[in-house]
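Enquirer: Here are the chains, one letter per residue:
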Amino acid sequence: MKRTVDVSLPIGPVHPVFKEPCRIKCETRGEYVLNAEIELGYVKKGIERIMRGRPWQEVMFLAERVCGICSVIHNMVFIEGMELIAETALPDRAAYLRVIVNELDRIQSHVLANYSYCYTIEHETLAMYLLNLRETAMDALERITGARVTCAYIIPGGVRFDLSDADARYLREAVDTIDRELNRFVHMFTTGSLIALRSKEIGILTRDEAIEAHAVGPTARASGIAHDCRLDHPTYRRLDFSPVVYTEGDNYARIMVRFDEIFQSTELIRRCLDRMEPGIIRGGSEVIAGTSRWVGEAPRGELTYQITTDEFGRVTDIGIRTPSIMNIEACVHYMLIGVLSAADVTSTYISSDPCIACNER
Amino acid sequence: MAEYLYEKDLREMKYIIITSPLHEVVMSELAVHYSLGRQVLRRKMINECDMSFLENIPARYEVWKAEDSVRDPVERQLGMRLLTVYIPMLPPEEMKAVEMGVRSQISEGIPEAEAYESGMDSIREMIRR
Amino acid sequence: MSILQDLKNTVRSKSIHVCYVNVGSCNGCDIEILACLAPRYDIEQYGIYVHNNPREADVLLITGAFSPQWEDKLMGLWEKIPEPKVAVAIGNCPISGCVFNREGSYLDPPVRKHIPIAAEIPGCPPRPTEIIQTILTLAPVIFRDYEGGAS
Ligand code: SF4
Numbered sequence: 001m002k003r004t005v006d007v008s009l010p011i012g013p014v015h016p017v018f019k020e021p022c023r024i025k026c027e028t029r030g031e032y033v034l035n036a037e038i039e040l041g042y043v044k045k046g047i048e049r050i051m052r053g054r055p056w057q058e059v060m061f062l063a064e065r066v067c068g069i070c071s072v073i074h075n076m077v078f079i080e081g082m083e084l085i086a087e088t089a090l091p092d093r094a095a096y097l098r099v100i101v102n103e104l105d106r107i108q109s110h111v112l113a114n115y116s117y118c119y120t121i122e123h124e125t126l127a128m129y130l131l132n133l134r135e136t137a138m139d140a141l142e143r144i145t146g147a148r149v150t151c152a153y154i155i156p157g158g159v160r161f162d163l164s165d166a167d168a169r170y171l172r173e174a175v176d177t178i179d180r181e182l183n184r185f186v187h188m189f190t191t192g193s194l195i196a197l198r199s200k201e202i203g204i205l206t207r208d209e210a211i212e213a214h215a216v217g218p219t220a221r222a223s224g225i226a227h228d229c230r231l232d233h234p235t236y237r238r239l240d241f242s243p244v245v246y247t248e249g250d251n252y253a254r255i256m257v258r259f260d261e262i263f264q265s266t267e268l269i270r271r272c273l274d275r276m277e278p279g280i281i282r283g284g285s286e287v288i289a290g291t292s293r294w295v296g297e298a299p300r301g302e303l304t305y306q307i308t309t310d311e312f313g314r315v316t317d318i319g320i321r322t323p324s325i326m327n328i329e330a331c332v333h334y335m336l337i338g339v340l341s342a343a344d345v346t347s348t349y350i351s352s353d354p355c356i357a358c359n360e361r
Numbered sequence: 001m002a003e004y005l006y007e008k009d010l011r012e013m014k015y016i017i018i019t020s021p022l023h024e025v026v027m028s029e030l031a032v033h034y035s036l037g038r039q040v041l042r043r044k045m046i047n048e049c050d051m052s053f054l055e056n057i058p059a060r061y062e063v064w065k066a067e068d069s070v071r072d073p074v075e076r077q078l079g080m081r082l083l084t085v086y087i088p089m090l091p092p093e094e095m096k097a098v099e100m101g102v103r104s105q106i107s108e109g110i111p112e113a114e115a116y117e118s119g120m121d122s123i124r125e126m127i128r129r
Numbered sequence: 001m002s003i004l005q006d007l008k009n010t011v012r013s014k015s016i017h018v019c020y021v022n023v024g025s026c027n028g029c030d031i032e033i034l035a036c037l038a039p040r041y042d043i044e045q046y047g048i049y050v051h052n053n054p055r056e057a058d059v060l061l062i063t064g065a066f067s068p069q070w071e072d073k074l075m076g077l078w079e080k081i082p083e084p085k086v087a088v089a090i091g092n093c094p095i096s097g098c099v100f101n102r103e104g105s106y107l108d109p110p111v112r113k114h115i116p117i118a119a120e121i122p123g124c125p126p127r128p129t130e131i132i133q134t135i136l137t138l139a140p141v142i143f144r145d146y147e148g149g150a151s
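Respectively, the protein sequence lines represent chains A, B and C.
Using this note's numbering, the letters of the first sequence correspond one by one to residues 1 to 361.
Using this note's numbering, the letters of the second sequence correspond one by one to residues 1 to 129.
Using this note's numbering, the letters of the third sequence correspond one by one to residues 1 to 151.
Note that these hints are calculated values from the structure, not bench results.
Certain hints may be false.
Unchecked claim - Below, a list of computed lysine to any residue pairs in the SDA-like style, where the Cα atoms sit at most 25 Å apart: (1) C/LYS113 / C/THR134; (2) C/LYS113 / A/ARG49; (3) C/LYS73 / A/LEU9; (4) C/LYS113 / B/ILE16.
With the sequences and hints as input, model every part of the structure.
Expert: Listed below in structure tokens is the structure:
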């Protein structure tokens, strides 16, 4: 089965709707897409190669820069992998703070993804509303961690800064604002008949195909796979929640999964704030040699770090598997096939929330 | 080789993708299983798969390992679905023929090890091609 | 320079089209450029339009530290942009390679080796306000002495 595509419709690498460079090559009959292929390599950095042999203090910052949009989760998964090796105990308050920051990151990432989708289907009003809403989450993130992007908030044994009462109040207000505003936007999205025309039954990914390509995250949950790595995480398990699942598997379902997950995240943040007790925010232990494999749920899906360290705390071997790899593959080889027009190619591609930077590392 | 208008040779980029740490793990397992050189496997993959397939090989390999059909001894030995569906390197029809051959040999009473060996030989042949 | 040309240049500097290209960044800088579009910062009120189309751009924003696939493409992109034009490097990546400029990486920073860069904004990533401010201070400079484009 030779998968080389006879290109008749190249899209990219620089394209008005792409945030990042990649090239989709479609083989078309008229505008009907018969086959598609993706050309990558525009942001290949070789992070895993740089990481090897460096002390964890450096690798921590490199891990964050695998992906700028979801930097908190990369930080968190790497640090938790290190903690697993060193058997560090985590103070309760720090565990909740991690969840709070991670969920804020998820909110801003999901809002950004839905912004891109609305922008791609040319609904600029909704897109701009969403982008403005994102600033609320970014402000909260900045207030807690001190930076908007790449904040390196999570450190071994705990977190960097404590949350004061004033910050907690601010955070509660911020999530209330997000909930209130987003309700309005979701209403706009679900009742807009033109949006439904552009999104429903387009770019379908069936459950079997999703399993075959190992699709993860919102893309998989929109196809009826109730899998969420947060369910296996010790702190999240205490907060009991259940994943959002849609079964349609089209663009519309993928966007709705993300909207619903934002509401879920705000709820999780509130729960954390309720349950948090005052206490220390940082413990510690010594690094030892060992190997660990730690999985976390990034905004785009399952993120795996496989780490080997030596007794001086140097990372001797590291393997990163990011969610975008699987989702982009599922998108290109299953969703795009049979799409009826060139305009839907870009919107379908964006609906799977591709992140090329972490795909290629 | 065909001249492309705006394509460039992607083999170098593909090679970079396929030598990342997680791919190395998969590649070494496959190399041992099929007793082939890694470079031979890599060449075949680079020729047959596009870049997103290549990136996704570790995940797809894992899905295959978790799949039900792997409990079937012939599938576990030869990895038909692995090589045609999960990492599409070989044409499904030829793979089917190999599978049929092995199954009929086993039912004819030829020792399993021998039958597998002959199947593996033809798979190796196809990969080297 | 004629008064007419002067007038044209003044008008032009009030309407700037921006294109951004990611040549191997971590995305952090790209989303900060996107954040500039948000009504909070509202880049359009200054007459800056982000189209991401090189053929009508005046300012090219570059993020990231030059990965090998761009070797032949970035120059092509730069040539597609009509005169007058400037390129602005955003973030530490195009300036020095940031954390990626280490042994073993595939990148080839700095970007100023490959195309001429007019201004650089350090930061990992810089704030949206800094990005807007840089474009605004550059805008009058690009068009000040521009003579061509009479039609
Ligand atoms: S400067 Fe920093 S935030 Fe910007 S692309 Fe480079 S690593 Fe990412």
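Enquirer: Hint by hint, where does the structure go against what was stated? Just the numbers, ascending.
Expert: Going through the list in order, the structure violates no hint and respects every one.
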